[in-house]
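The chain contents come next:
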Amino acid sequence: MSVIMVERKVLERNDAVAQENRTLLQTNGVFSVNLLSSPGSGKTSLLEQTLPRLRHEFAIAVIEGDIQTDLDAKRIEALGVPTAQIITGGGCHLDANLVKKALATLPVEKLDLLFIENVGNLVCPAAYDLGENIKAVVISVTEGEEKPLKYPAIFRNAAVCIVNKIDLLPFLNFSVERLKENAHAVNPQLQIVLTSCTTGEGIDEWCNLLRTLRRKDPSSASA
Amino acid sequence: MHELSIACSLISIVKETLHDRPCRVKAVVVRVGRLSNVLIDSLEFGFSALIAGTELDGARLIVRQPDPLLLCGECGQETVLKEFEFACPHCGSLNITVKGGDDLFVESIEVEEETAS
Ligand SMILES: [Zn+2]
Chain L
15 MSVIMVERKV LERNDAVAQE NRTLLQTNGV FSVNLLSSPG SGKTSLLEQT LPRLRHEFAI
75 AVIEGDIQTD LDAKRIEALG VPTAQIITGG GCHLDANLVK KALATLPVEK LDLLFIENVG
135 NLVCPAAYDL GENIKAVVIS VTEGEEKPLK YPAIFRNAAV CIVNKIDLLP FLNFSVERLK
195 ENAHAVNPQL QIVLTSCTTG EGIDEWCNLL RTLRRKDPSS ASA
Chain Z
435 MHELSIACSL ISIVKETLHD RPCRVKAVVV RVGRLSNVLI DSLEFGFSAL IAGTELDGAR
495 LIVRQPDPLL LCGECGQETV LKEFEFACPH CGSLNITVKG GDDLFVESIE VEEETAS
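So the protein sequences, as listed, match chains L and Z.
If you count by my numbering, then the first sequence holds residues 15 to 237, one letter each, in order.
If you count by my numbering, then the second sequence holds residues 435 to 551, one letter each, in order.
These aren't lab readings, by the way, just hints derived from the structure by calculation.
In the DSSO-like style, the derived pairs of lysine-lysine whose C-alpha atoms are separated by at most 27 Å in a straight line are: (1) L/LYS88 - L/LYS114; (2) Z/LYS516 - L/LYS23; (3) L/LYS115 - L/LYS23; (4) L/LYS23 - Z/LYS449; (5) Z/LYS533 - L/LYS194; (6) L/LYS88 - L/LYS124; (7) L/LYS164 - Z/LYS516; (8) L/LYS194 - Z/LYS516; (9) Z/LYS533 - L/LYS164; (10) L/LYS88 - L/LYS115; (11) L/LYS230 - L/LYS114; (12) L/LYS230 - L/LYS194; (13) L/LYS23 - Z/LYS533.
The task is simple: from the sequences and hints, build the whole structure.
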């Protein structure tokens, strides 16, 4: 018997396409955000609040990842923002190739900002680089403070954590402090924003954070 | 979950590596970091389902899960990462990097050469 040494990354093909996406976005000065969450944490609602606040300042597009339906894409399109829909047909995550195809349908050369709404799932999307600048993870206060400890991979790789549905805090036994401790235990650099898409609280802060992060990114600032 | 697509990617790496080498694959050794969210049972299941009836039929998947290491940026010590403890156990620094946590690699392939008859 003989042993053939291989030592190759299983997802090398995904990573290579992600790098193509990254180059395309960066050369066009597009700052991109990969939005991740469990199902029902409010990613689409967050975009519905975010886009009207930023669309007069930036040319924005959205890539909507969904397992089955185009309902979320319709909600975003209704805001007048170019939207590319990816239906994964049961697939539990977006991969770089799906994003590459979606990018081909968007006016990338005109954009400043791109949101990629990933499939609702905190496990699989962590492994797939899409070519984005930052990952932002959305959790809602109904999900419990242990989320960062249960999904360290995603929280370690995210730049921002949006804690959504804070209007429900009075009715829940949820400690924001405890959540912050857990989140910073796995990622001390993680920036945490508290939002409510019902009352609009915190959305301006999130938008300001996006402006700052975009400005800090050398490739988008120069364009 | 995504174990099936990971199994699929690793099988294509194995096939690419072997091209048309006349051999029987006995085992494929993969390294899966403990922070990579991959369920080993599902990966093994996906692997065996995907190779059934192909030239890889009968190959075993050997999964290695070495402990991730935590490298301290302050005191320079290297320790095995314990669950949920992303701080240096020696000096308490949070300035750390984790090595090998989300690894997902095909390490090697064990084959039996088919001697030309
Ligand atoms: Zn230390």
